[in-house]
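Since the structure of chain A is already known, use the hints to place chain B on it.
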Amino acid sequence: MANLVLAEHSHGALNAATLNVISAATAIGGDVHVLVAGHNASAAAAAAAQVAGVSKVLLADGAAHANQLPESAAAQVVAVAGAYSHILAPATAYGKGVAPRVAALLDKAQISDIIKVVDADTFVRPIYAGNAYATVKSNDSVKVLTVRGTAFSAAATSGGSGTVESVAAVADAGVSTFVSAEITKSERPELTAAKIIVSGGRGLGSGEKYREVLTPLADKLNAAMGASRAAVDAGFVPNDYQVGQTGKIVAPDLYIAVGISGAIQHLAGMKDSKVIVAINKDPDAPIFSVADYGLVGDLFEVVPQLAASL
Amino acid sequence: MKVLVPVKRVVDYNVKVRVKPDNSGVDIANVKMSMNPFCEIAVEEAVRLREKGVATEVIAVSAGVPQCQETLRNAMAIGADRGILIETDVELQPLAVAKLLKAIVDKEQPQLVLLGKQAIDDDANQTGQMLAALLGWGQATFASKVEIAGDTATVTREVDGGSETVSIKLPAIITTDLRLNEPRYATLPNIMKAKKKQLDTFKPADLGVDVAPRLTTLKVEEPPKRQGGVKVADVAALIDKLKNEAKVI
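As they're listed, the protein sequences go chains A and B.
Going by this note's numbering, the first sequence opens with residue 955, and the numbers climb by one from there.
Going by this note's numbering, the second sequence opens with residue 349, and the numbers climb by one from there.
Just chain A, with the same shape it has in the complex:
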């Protein structure tokens, strides 16, 4: 039995989520191989070979993978899929785009967003915005899985001694082309990997207030910044700030929810945080039902005080 992990990588390095997927693959048991599909991606492949638990890296280097579009990536996975019992990808925008294509091309079911490996055929995954956990057994010979990063620890980036083997890159499928990307630039930690997150909701009132009130606190704590759907829909911050059922799933050591009422869709994205702090003027806001520490008050007074006192 061997497991294939589809790596997500950029600029010659593995993205953090890939390390969590490698841990999930290790938990299944058997050899763990990693597929790096990219263009001039040998540095990422070399990094993958160093990760603890990885015995082999397949490097598919070709122009078709320059922008990591899902049509070519899925074709690449299928091209090397032959021997593997499990094919795993991160439950990120990238992995979610590729894995179902792979599953359909192989005529296998996919199990999305696993949070636990029970055995080689059986996995736990959240359904209904995390309000229920389903234990699901696959009857297919090959299991295609996406992995929720926050549910598995990151594999160590050193200590591995995998070999790198080049495989032929597939040709471009010719159905899609990359036009442009607008990636939010930030010096802050990445939201899904941050130890502390300061997150804001509709209560902040505007994008200016969001930044004015929350930035000093986030700076003090070296925190990532997040938001509720309401704040994103209202245009306070870009979409990549959204925490929730259909946004990012986070589980930091400390999550500070400011002016967020706590809709179930938001709770789905952050309730596995170790410690939750809620600051809200409404004492009946549902966010207090999951918060370890609640502070009822005017966020425009309380948050600057908090930032000043740290």
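Derived by calculation from the structure, the hints in this document are not laboratory data.
We put the beta carbon where it would ideally sit given N, CA and C, even for glycine.
Treat the hints with care, since some could be wrong.
[Claimed, not checked] Computed list of lysine-lysine pairs in PhoX-like fashion (alpha-carbon distance at most 25 angstroms, straight line):
no.	chain 1	residue 1	chain 2	residue 2
1	B	Lys545	B	Lys573
2	B	Lys579	A	Lys1149
3	A	Lys1149	B	Lys591
4	A	Lys1070	B	Lys368
5	B	Lys517	B	Lys350
6	B	Lys450	B	Lys545
7	A	Lys1139	A	Lys1174
8	B	Lys450	A	Lys1062
9	B	Lys573	A	Lys1228
10	B	Lys591	B	Lys579
[Said to hold, decoys possible] Derived list of chain A stretches under chain B, where covered just means 3 residues or more per stretch with a C-beta under 8 angstroms from a C-beta of chain B:
no.	region
11	1159–1166
12	1221–1229
Just chain B now, kept in the frame of chain A:
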């Protein structure tokens, strides 16, 4: 061009579901059912394409129990021209739905299939991508902006780091994200009109599709319950708790 819009009947997004005492699933008896919100966004986008003269016909399709008819009527009240129901009592998993949809695509030959990115019941986020693979089409998932010119769709997508724009050749699959549009409310006259629109019904066997489930749900459980904590009086008390009790700062 024809646009096909698959829609799913799900537990309404405002309902907090309960796990059944025997752990066989969640209790959906007597709870409010609605169209999956992402599907509603897809219907709205397709209707806007028709209103702009880009699409000529919008066909809504749903698969599942007979009550999915209501979801289709709802789609037609928003503006879909007709509906197709693939009726079955079998629990449909995404791969089976993708195969059923492929059969409908083969019949109807749409140039575009617009779907929700995920259903808020099983949260799978698979069907659109699977359908694209089965058809050998390009895909643009998590769309926040769609522009169609000639045989090309230019789609802005919400991705982890921000947004990305791709250009896909039609026919293609597009899945919707939250910020693509705000669906209109169906007006009473349009709800009445929708009742008279054409609705065809098939069975999976009519389409030659095996929908047998590949996955077995062994049990469904409540997640570990998070205990609400304490309310603190002021900022000083909060900092004290975070430093000395939780030890996270």
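Hinted pair Lys573 (chain B) and Lys1228 (chain A), Cα distance within 25 angstroms: 13 angstroms, holds
Coverage assertion for the region 1159–1166 of chain A with respect to chain B, Cβ distance below 8 angstroms, three residues required: violated (count 0)
Straight-line alpha-carbon gap Lys450 (chain B) to Lys1062 (chain A), limit 25 angstroms: 16 angstroms, holds
Holds or violated: Lys517 (chain B) to Lys350 (chain B), with C-alpha atoms at most 25 angstroms apart: Given pair Lys517 (chain B), Lys350 (chain B) holds - Cα atoms ~15 angstroms apart, limit 25 angstroms.
Satisfaction of hint between Lys545 (chain B) and Lys450 (chain B), Cα-Cα up to 25 angstroms: 23 angstroms, holds
Given coverage of the region 1221–1229 of chain A by chain B, checked by CB-CB distance under 8 angstroms (3 or more): Three-residue rule met by the region 1221–1229 of chain A, so holds; n is 3.
Pairwise hint evaluation, Lys1149 (chain A) against Lys579 (chain B), where the allowed Cα distance is 25 angstroms at most: 23 angstroms, holds
Restraint status (C-alpha distance of Lys1139 (chain A) to Lys1174 (chain A) at most 25 angstroms): Given pair Lys1139 (chain A), Lys1174 (chain A) holds - Cα atoms ~19 angstroms apart, limit 25 angstroms.
Agreement of Lys1070 (chain A) and Lys368 (chain B) with the hint, judged by alpha carbon distance not exceeding 25 angstroms: 21 angstroms, holds
Pair hint outcome, Lys545 (chain B) versus Lys573 (chain B) [Cα-Cα no greater than 25 angstroms]: 46 angstroms, violated
Proposed proximity, Lys579 (chain B) with Lys591 (chain B) (alpha carbon, max 25 angstroms): 16 angstroms, holds
Proposed proximity, Lys591 (chain B) with Lys1149 (chain A) (alpha carbon, max 25 angstroms): Within the cut-off at roughly 15 angstroms; holds.
The structure does not agree with the numbered hints 1, 11 stated previously, though it agrees with the rest.
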